[in-house]
Each structure stands twice: as C-alpha cells, then as structure tokens.
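Each protein sequence line maps, in turn, to chains A and B.
No gaps in the numbering here: position 129 of the first sequence is 129 in my numbering, and each next residue is one more.
No gaps in the numbering here: position 214 of the second sequence is 1214 in my numbering, and each next residue is one more.
Note that these hints are calculated values from the structure, not bench results.
Just so it is clear, the structure is predicted and the values come from calculations on it, not from any experiment.
Heads up, some of the hints might be wrong.
Taking lysine-lysine and the DSBU-like style, the derived pairs with C-alpha atoms no more than 30 Å apart in a straight line are [said to hold, decoys possible]:
1. Lys1095/B x Lys300/A
2. Lys1166/B x Lys300/A
3. Lys1137/B x Lys287/A
4. Lys1137/B x Lys49/A
Here are the simulated distance ranges between beta carbons [said to hold, decoys possible]:
5. Lys1033/B x Gln20/A: 57 to 67 Å
6. Arg140/A x Lys1060/B: 40 to 50 Å
7. Lys1267/B x Glu303/A: 25 to 35 Å
8. Phe1279/B x Lys96/A: 17 to 27 Å
9. Glu303/A x Glu1256/B: 19 to 29 Å
10. Asp39/A x Gln1067/B: 31 to 41 Å
11. Met139/A x Glu1369/B: 54 to 64 Å
12. Gly1260/B x Ala165/A: 31 to 41 Å
13. Gln1067/B x Ile236/A: 34 to 44 Å
14. Glu1256/B x Met139/A: 56 to 66 Å
15. Lys1312/B x Pro143/A: 46 to 56 Å
16. Ala165/A x Glu1369/B: 34 to 44 Å
17. Asn160/A x Val1352/B: 32 to 42 Å
Cβ atoms here follow ideal geometry from the backbone N, Cα and C, with glycine treated the same way.
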Amino acid sequence: MNRVVITGLGSVTGFGYGWQIMWESMLAGHCCIREWKPDEIKDDSFPVKYAAYVDNLNIPVEIRKHKAWKSNLEKRAIYGWIAASLAIEDSGISDKLLKSSTVITASGAPHHFLEDMLLCVPENDEIDPSWTELFNNRMRLRPDGAIRQRNDALVNAIANDINTAGAAINVSSACAGAAQAIGNAFHMIRRGETTTAIAGGADSVLNISTMTSLYLLGAASSEQKYGNKLCRPFDINRSGLVAGEGGGFLILESLEQALLRNAKIYAEIVGYGSSLDGYRVTAPDPKGTGAIRSMQRALKDAELLPQQVDLINSHGTSTPLNDTAETLAIKHVFAVNEHYKKITVTANKSQFGHLIAAAAAPELIVTALSCKYNKVTPTINIDIKDPQCDLDYCDNNTKDKTVNFALSNSFGFGGLNTSLIIKKYDEGNYQ
Amino acid sequence: MIVISGVGCVLPSGDNVESFWKSAINGISGIKKIESDLFDSKKISLYGHIDSAITELCLKNIPRNLQRYSTRETSWAITAVNEALKDARIDEKLKEKKVGLFSSQGGYTHPSLTSYIDIIKDCASSKRSLSQQILHKVFDERALDPFLVIKSLTNGILGIVSLAMKLEGECGAFMQGVSGNYSAIKSAISSLNEKRIDIAIVFGSGSDLDPVSIRELYQNGWIAESDTKSIFPFSSNCTGGVAGEGGAAIILQRLEDCEGSSFISIKDISILPNVDKQFNDYQNADIAMVGATGISSIDKALCEKIRFFSPKYITSIQQLNGFLSAAPCFSHIIAAAQSLKQKSVPGINGLVGPIDDELNIISNSIIDETIQSALVLTTDYSGVTAKYHLETI
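Isolated chain A (complex conformation) (with noise of 0.2 Å):
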C-alpha cells in the first residue's frame, strides 16, 4: 500500500486567503466572526447576527486575477476554485502530474436568493406565485444564484480547469463532506488508483434560506451578549452553531511521487474512518456512539493505539448536544490509563465559525500544521468549561506541544461521522 502525504495547502476563510494568514490568525487567539446579516435584510429583523464571512473588499491583488472571479459561479464555488488553485501553486507540482489527478470535492446547500424566489411573482395580480412564472422569468435570475448553479459546478470547473484526465468525484456528506473527500482520495492513492489528489470542499450558507432554516431549526446562535465571541465550543453557555464560508483543498500524493520531485511535505494522512449514527435525522446519539466507532475505525485504519494519539481537532461546533456527546466519545475510545487526559482537543470553529461542507477542509490544513509546527491552535471564548466538557481543550491559549499524531473529526446531519489520522511527517522514515 502507498503511503500517503500532503505536499499542498489552499484555503479561504473569513481571515482571508491563504493558509498562512490563517494559521498566523489562529496562532494569535484571533477570530473572524463578525457582525453580519443577509443581503436582502436591510433592518435589524434578522435573528441570526454574526458569521465569519469571507471579507472581499480587500482582496489580494493576485487573488483578484483568478478566473473563477470572471466565471457565473456561486461563491462557495469560487472560493473552492481559489483555494484549489491555492493549495497547487503551494505544492509546486507540475501540470503534467495534474493531468492525471484526480479531483473530489465537497459543496454543500446551494445559494438561494430572496430575489430570486420573488420573480415568481407575476405582473397581474390575479394570477398565483407559482414556479411557472419563475421561469417565465428565468432570464433575470441570478447566474451565480443556485436556481442556475449545479452542484457539481466546484469539481468541474477545478477538474476543467487543470484539464485533468483523472476522476471528478463530488461528495456529499453535509458537515461530514470535506472530510470524506479527503479520506476517499486519501484510500484512493494508498489503493494505489491514482498518485495525486485534490481534495477538500467548499461552502456557504450566509444566505437567507439556509440560515432562516438553521435558525428555525434551533441549530444556528442568535445570542447576542457575547458580541462575536458567541461561538463557544465546550463553554457552559454555548448556544448553537456560527456559521462560516470559505473553502480549503489539499494536495495529496504517494509518498513515491512526493519524494521523486522533492516535494515540501507537511504531513502524512494514515487513517480515515466513518459510520453512522441510526439515532435521529437532527440530533447526535447523546452517548456518542457514532463518534464513538468513527474515531475507533479511523485508528484501527491506521493501525495505531489510541494511546499514540496526541491531538484531536474536535468537531466542536459550539451546540449543546455536539459538545458532550463528543467529549463522551473521546473519553470512551481513549479510555486505557486514561490517556484522555493527556490528549489536547481544540476547536476550530471558535475562529472560523463552521464551514459547513467544507468545515472539515481547513480544519485538517490546521491539523497538518500543528504536526509540522508542534503548535496547537486554541478553543477561544471558554469563559465557564461546561462540567461534562472535561477535557484539555486548549483553552483560550495557543499551546507548544510535540504532536506525532493527530485525529480530526467531523460529524454531519443525519448521523454520518467521519475521523481523519495525521501524522507528522518523518523525513528519516521512507519505508
């Protein structure tokens, strides 16, 4: 079997574009979560009031030049594509080897927007709303709306646009969906089925559809005493998801290839694990079942011990139920002498709010970098750890620490979990 290592990294996110000022942001206990409301809203109405947004009034000079700008994509495709072109030019690898890549992609809830939806109103008042006039109306539909968007448009224009003759594979997991990406791509070149890899996914849902209907169903914050420190994984009075957008793709590569074209290498992924809930459509099993086998069969893929593990890279998402549930599961699968307790756990989402989609994405660039760099970003906003949130989660406070090996997870609506194994890379090790 190949061994598998990440020579690339590429992401979008509400510190901007680019893993580096990400990393450099979350280093310094920064968050991106700001003030927001939907287009549409012009007043105070709107329940949901901070997101981390991607804040495109200061773009890059050289990110501006990127043809996805010019293209009739959602946004969510667009930050893809950069982040894809991104985490390429990162690894330096050549057109000829993008040429039989494969790409696998996850995107998530299409854009809708308010306008959109109001061209179903016809000009005679004694005619009902109806989807027929919409499409009567459908040339002044929004192009980069998702009434004209497929949602395989990210993949395609990625795989289009390096001109691949691999796959384009589009996954579709919800908040579970970068990481499974990841993890087929990963299995695809141990498999030995292809040498290179695009991965990752993009996403939003800063639009007035999605976020009413997070909002309705009780999953998105609306506090508001917080200001932007309402995102609180493990706190006592967290209050729900904050929503993010953005995307993050990695370059993956057999070991082989990375060593042959002397390839920067920032760590090796070594495990990938999934299941299923079978408890409830909106809800996590509270005993933490799901994660339980998730993080079990990604390191029984990677033939490790849970007592080798030193970091995890939680879900974390800032609701009541993900949080304990998951510091449950945690606890289960790293029961033997209590290694638990000397595993760090941190939080992502407190930074960059939650992806969705592509949650998982950025979340492993971070883990990568933790093992490379032996830093571990921090959970922010932990004022009142919650009792049945017991663990070290890096509270408030970057933290110096050797990582080996590290363990991401990721959990989507519907029950579906996903758990992801890095480990730091080791020059001297090539068998």
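Following the hints, position chain B against chain A.
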C-alpha cells in the same frame, strides 16, 4: 471476489426488478408525456415518470417518524434497498453483520424554493413590502418548515435510509451521475476487499422533474425537442434523449460469504472523464449493456469503445426509463445482471438502421445459453464514462 447478491429498483418501466425485466424483454417503455405541477414546458414533451400511485406505496415503506424529512426520492431509495436486501436473503441478518451504506443522490432538489413560493402566495394581499411579509411569516408565524434544510441536504437519502434500517456501519455519500454511481460502487468494493465491512448496500435515487434540471439537460443538448416520440439509442433516426427518475439498489458481498452456487461477480470497474477517450484495459464480453443516449455523436463514440470488447450482442435500456441522474450505472448493472442470470438479452424496441453496421446492436430480445459475461458502459451529461465488467461464476 465481489459479487452482486441482490438487486432492487423503482423505475419508470417497473416498480421492482421482475416488472422492470418483463418490460425490458417485451420492449415496453415507461416514458410518457411530461407532467409537472411546477412548470409547463413547451419545449420538452417526454419524461420517464414514476407513477404517483407507485410513489404513494413507496412512501409507506418509510417509517412514520422519518416521513417529515423525506422526499419522493427517499421513498424510492428505501423501497429499492428493501427489495435488494430481500433478494440477497439477508434482510433478517442485517444487524448481525458489518454493513456499509453508499449512496448517490440525484437531481436538483429545491424544496425550500417551493415552500417560499407557498409563503409568497399567502402574502399576496398585504400592503407591507413583500420581503417584510415573508420575514413576518417565517419568523413570527413559523410558516417555513424547519426540516426543509434536512430535505434539501445532499446526503438526505443516506441519512434517512440509515435511520430507517438503524445502520451504524461505514458510509459514503456521493452526488448524482456516472461519477457518483462509480464512486459509491468503488468505495463499497474497496471496503469489502479490505474486510472493513461484510455487506455493502449501494444505491441511488433522484428525479430531474423540476425546471432547473430539465432546462439544464435541454441546454446541454441531452434531451430532445418536443417533437420527439421516444429515445432511440444507437438508431440512425435518433433525435436526442429523454430525462427520467427513479431509484435502484445493489447488494455487494464477498463471494465466500454468500450461500448458493451461481453468482454475478463484478470483475473490474473503471472510469474515464471524457466520452471520447479510450480505456486502457479491455476484456472480451458476451454482451454490452450500454447507456446509449439517442444523441448521434455520443452513441458513435460509445460504439468506438464497445468495439474493443468484441461483444456478441449490444443493447441498451435507456429507452425504457430515460436518463436516470441518480442511477445511470445501477440500472444498467441490474439489467446486465438479469441478462446473465436469465440468459437473455433485451432488444432495443424501435431501433432503426443502427448507427454502426459492424456491431451487432439488437432490436429483438435474444435467448442465448452461452452468455457468461457482460460489459456495462454508461456516460452522462458531464462527459464521464464508466465501465463495469460482470461475469457469471
């Protein structure tokens, strides 16, 4: 070795494998006049519909507590999976085994858009601005179903099927199309080969019956203008394709875990991103079950590929159901497996002057006891082509 131990389907030409196969052998198509409450298309006249009465029956297969989250597509998925498990005779043993669930979800689902239109209708009489009224309806009257976000999730069918069957195993959720079907099957086979699971349930379900999908397919030249009478795969008089809907499921297991003496194995599968490119690996096959499109240029390109496999008989089932965005490979794999099992090959009813004289593209159904292997070749609007090689063992 991985074998297909069970199959199930809800397709326009049949709401189970037996009725689908009967339609295939007798050349009875499920394609009808397009009908939708959502739009009135003047440019498109045909569609592969699942009858609403069938959908009503399928909906009853969804547990009551999950119905609020479910769509028509979910009901076809659950029904197809149930049939496939029964066919594999493992429905009772499911909880004792390590089961993996792999899905491919199709179509463009816009349930939230439909709901917003309903709300907008309710707002018609008020004097306040429409956007203010909508917000009032949504937030004060809670007029929007909060579970819409679940219904519109792209992994919706995977979540509901797993909950309906209380499955806890490995999973993979992919999007529609040939690449989605391929990825789901490939992931399942790998998990079985690496012994992480004992049984793989692989399925796809979706519908293109909304104006977004129909327009997209039409603008890309995949579905024909309104004067077409049907879809004519491989025909010299072909006029273009027809969209369709439905669900299909296959159960995969390792051969050593199956009881019985005769099975259909999946010997290999591979994918190409472009219909015009050629595969590197060729194995002879007795039949070719091809997702031909009724689009001359694409069917000719498929013929160029088929030639390398030297099949005795070449056929398609696309004319029975139309293009199935979520199950293009599953439906053809089921047809090929039935051909191998029944030693018969359905012909293409209405075939006129095949576009390739050298290939034996058949118009009438054939019985041939020597049939042992099948090539399944499918392509879709994104240009991806997948190849599966099945064999009787």
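Status of the hints after comparison with the structure:
{"no.": "1", "hint": "Lys1095/B x Lys300/A", "in the structure": "holds, 21 Å"}
{"no.": "2", "hint": "Lys1166/B x Lys300/A", "in the structure": "holds, 23 Å"}
{"no.": "3", "hint": "Lys1137/B x Lys287/A", "in the structure": "violated, 37 Å"}
{"no.": "4", "hint": "Lys1137/B x Lys49/A", "in the structure": "holds, 19 Å"}
{"no.": "5", "hint": "Lys1033/B x Gln20/A: 57 to 67 Å", "in the structure": "holds, 58 Å"}
{"no.": "6", "hint": "Arg140/A x Lys1060/B: 40 to 50 Å", "in the structure": "holds, 41 Å"}
{"no.": "7", "hint": "Lys1267/B x Glu303/A: 25 to 35 Å", "in the structure": "holds, 30 Å"}
{"no.": "8", "hint": "Phe1279/B x Lys96/A: 17 to 27 Å", "in the structure": "holds, 21 Å"}
{"no.": "9", "hint": "Glu303/A x Glu1256/B: 19 to 29 Å", "in the structure": "holds, 24 Å"}
{"no.": "10", "hint": "Asp39/A x Gln1067/B: 31 to 41 Å", "in the structure": "holds, 35 Å"}
{"no.": "11", "hint": "Met139/A x Glu1369/B: 54 to 64 Å", "in the structure": "holds, 58 Å"}
{"no.": "12", "hint": "Gly1260/B x Ala165/A: 31 to 41 Å", "in the structure": "holds, 40 Å"}
{"no.": "13", "hint": "Gln1067/B x Ile236/A: 34 to 44 Å", "in the structure": "holds, 36 Å"}
{"no.": "14", "hint": "Glu1256/B x Met139/A: 56 to 66 Å", "in the structure": "holds, 59 Å"}
{"no.": "15", "hint": "Lys1312/B x Pro143/A: 46 to 56 Å", "in the structure": "holds, 49 Å"}
{"no.": "16", "hint": "Ala165/A x Glu1369/B: 34 to 44 Å", "in the structure": "holds, 40 Å"}
{"no.": "17", "hint": "Asn160/A x Val1352/B: 32 to 42 Å", "in the structure": "holds, 36 Å"}
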